[in-house]
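Engineer: Those protein sequence lines, which keep their order, are chains A and B.
Mapping to this note's numbering: the first sequence position 21 is 21, numbers consecutive.
Mapping to this note's numbering: the second sequence position 4 is 4, numbers consecutive.
Calculated from the structure, these hints are not laboratory results.
Honestly, I wouldn't trust all of these hints.
[Stated by the list, open to error] One-sided and incomplete, this derived list gives chain B residues near chain A with beta-carbon spacing under 7 Å: (1) 82; (2) 83; (3) 137; (4) 139; (5) 142; (6) 154; (7) 157; (8) 226; (9) 233; (10) 236; (11) 237; (12) 240; (13) 244; (14) 248; (15) 270; (16) 513.
Quick reminder that beta carbons are idealized off the backbone N, C-alpha and C, glycines included.
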Amino acid sequence: MIQNVLKEIGGIGLYGVISVCLFFLVFSVALARACLLKKRFLNSMSMLPLQDGPPPTKGVSHHE
Amino acid sequence: MNVETFRYDNRVVRAFAIATVIWGLVGFGAGLLIACQLFWPDLNFNLQFTTFGRLRPLHTNAVIFAFVGNGMFMGIYYSLQRLLKARMYSDFLSWVNFWGWQAIIVGAAVTLPLGFTTSKEYAELEWPIDIAITVVWVAFTINLIGTILKRRERHLYVAIWFYLATAITVAVLHIGNSLAIPASAFKSYSIYAGVQDALMQWWYGHNAVAFFLTTPYLGMMYYFLPKAADRPVFSYRLSIIHFWGLIFIYIWAGPHHLLYTALPDWAQSLGMVFSLMLIAPSWGGMLNGLLTLRGAWDKVRQDPMLKFMVVALTAYGMATLEGPALAIKSVNSLSHYTDWTIAHVHTGALGWNGFLTFSVLYWLIPRLYNTRLWSVKLANWHFWVALLGMMFYVVPMYWSGITQGLMWKQFTSEGFMQYPNFLETVLQLIPMYRLRAIGGTLYIVGACLMAYNLWKTAKGGEFQPEQEASAVPLSPEAPPAHAHNPWGHRWLEGKPLLFTALSLVAILVGGLVEVIPMYLIKGNVPTISSVKPYTPLEVLGRDIYIREGCVGCHSQMVRPFRSETERYGDYSKAGEFIYDHPFLWGSKRTGPDLHRQGGKYPDAWHYNHMDDPRLTSPGSIMPRYPWLLTQKINTNALPARLAALRKTGVPYPAGFENGSAQKDLWNQAGKVVTNLKQGSITNAAPDTEIIALIAYLQRLGTDIKAPPSPPSPPSPPSTPAITSGDSKSGGGL
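This is chain A alone, in the form it adopts within the complex:
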């Protein structure tokens, strides 16, 4: 059944090949970009959440 549904579309198998190729292209570019970044920049980026410093909480917990 399943095999018959789309067999009449010409070159349908190409969709799978295009899909996987596209993925590897995107993945390779992302990997290359990530590898090109300087350590100093990466460190500064990863510190961003720690810079906003919410006010220190006061008071006591009743049940530690």
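Given chain A's structure and the hints, the job is docking chain B onto it.
Structural biologist: Coordinates of chain B only, in the frame set by chain A:
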């Protein structure tokens, strides 16, 4: 240097936090109620508004859009302002987002029990609410992008990429899947039919998991975990690969929800391959989170917030390993339609979303109230009770799912079905359903402990409606960040609109490659000449089937396995669904598949079964539907519904709804009443809902059993004979 002082808005964050807790309890409670109904069917109190079929979508929508949705906005509104060193772009839009979202949730809570549903999973809300969702989502997206544009921090932290991907992808998915033709204020028909509708629905459904339940929470993990652990994320480089890998791959994986159905084989294989590839970015993200805690595990012992976070990440890892495994066709042939899927999604929902939300709430509320958590001990109790609850939920469901799958497929040595009566396989699961309810109860008890703890924390502190901060504004004269690296990611992070556009392209590519052939399919689904549109009475019966949420327990898709064709009949063909707006293939078989139900039992059997399922099937866990025997069918709605269906492409003749449709309806209803009299049911009125439902059920799957018609053109005829035919109830064209 010109340092600007400004204030972060905490009011909207607190509002979303409160809503998260309240709706979480409601969503969990609805889940527990329907879980109990599976071993105690009378727990709907004999009310039509509280049956399993109507409350299941309420539970899923409450947990996904109310609990996780509010939790997501809470995390985004808090972290976005601080990561960008800017107040939200518009307070007005923030409150439109908050109140609009709550109004939508209330709308869902009212309309779903009333039976206003499209039946498409996680997209059940009818078209006016769909429009409201679009408006509120646009307000959120404008506020998000507006805040990014007025930021004081040049580079966008990885959490913000995940928020952006969420905003744009959810918009695309919601609009794409919700396209429908309204027939009345709360009734519409999907513009897609059958296979196309199924592919569109699961493209949406799978990516709702990806871009509503996963990406915003990953963004929150990348912000709140370093905050709680007081150390930066393990590898920022890995987070970049995690992001692009995840958003690109996720969008392709939807077809794994339709393995072995009438969906084209190539799309199934594509879905399976990309699902397997998803393990890499998912585990990259999980490990990045867990390794952030390297050297800080002593804090995990002391800080309940980190305990919840660790379990959340572990559950994420388990669910994202299991998901691809379930997408392997041979595994899926066993697991699909069983409780295994329920176990899988609850590992994600209870573990990943639930525990991460609890973690953020425990971290956030004391800070919003400038105090400390009222009771660390109580939070630890919550942790262990919730963990135990999760285990009591998922382990019985895995057991139940595998038991179901194996029993459905079991043959005797002589080659007969070992369990030909579906009910035998259901009764075997009742003990697991009881255990699952215990797990759910524990989880809710834990959430109540948290609500009390947070309330006491808030009472003990003083709410800080705004938090003052200062930063240097971005200067247009400043040297561009890409001065030394024009192609690096560093450059991209300073260009939010380009970044958004590239993310959109990444998710659209996958969607389009799968969706475009879907339209090609339209001309290539083998036309079955005997398949004809539903008769007027069957249309009303199908609408009742949709209203009651029958699709929540019954599939309409016989897969091409011997175990299914022996049990149900011939496997389902794509060409049989071309008039199904929406498709009703379902995703779970708490009850048997119904696609070949037509003609299997007499009309009187259906009448008695709907009145009380235990009369015909002793031990059945299906609720009673006695109101169907007395409620009148809504014939006034028929013309608008037939006209709407015609607009979707169903070839009803012009003017049919104002001409012979009513006459045809009463003719067919009369035949059903006659059949019922032959079955000793003499008091059935032709204008009751049960008559329409019986007509629809008796039509199911019978078209291809019809005697061959004379040669006809390959496309559906433009003016088919919409008359009642020769099946038991007069259906079948």
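Engineer: So, for every hint listed, does it hold in this structure?
Structural biologist: These are the hints, each one checked on the structure:
1. 82: This interface hint holds because 4 Å falls under the 7 Å limit.
2. 83: 6 Å, holds
3. 137: 26 Å, violated
4. 139: Residue 139(B) check fails; min Cβ-Cβ to chain A is 25 Å, beyond 7 Å.
5. 142: Hint violated; residue 142(B) Cβ to chain A Cβ min 23 Å, cut 7 Å.
6. 154: 10 Å, violated
7. 157: Since chain A brings a Cβ to about 4 Å from residue 157(B), closer than 7 Å, the hint holds.
8. 226: With Cβ-Cβ at 5 Å, under 7 Å, it holds.
9. 233: 5 Å, holds
10. 236: Hint on residue 236(B): holds, closest Cβ of chain A at ~4 Å, below 7 Å.
11. 237: Holds - the Cβ of residue 237(B) comes within 7 Å of chain A, reaching about 5 Å at its closest.
12. 240: With a closest approach of 4 Å, the residue 240(B) hint holds.
13. 244: Interface hint status for residue 244(B): holds (4 Å vs cutoff 7 Å).
14. 248: 5 Å, holds
15. 270: 5 Å, holds
16. 513: 6 Å, holds
Against the hints set out earlier in the document, violations occur for numbers 3, 4, 5 and 6.
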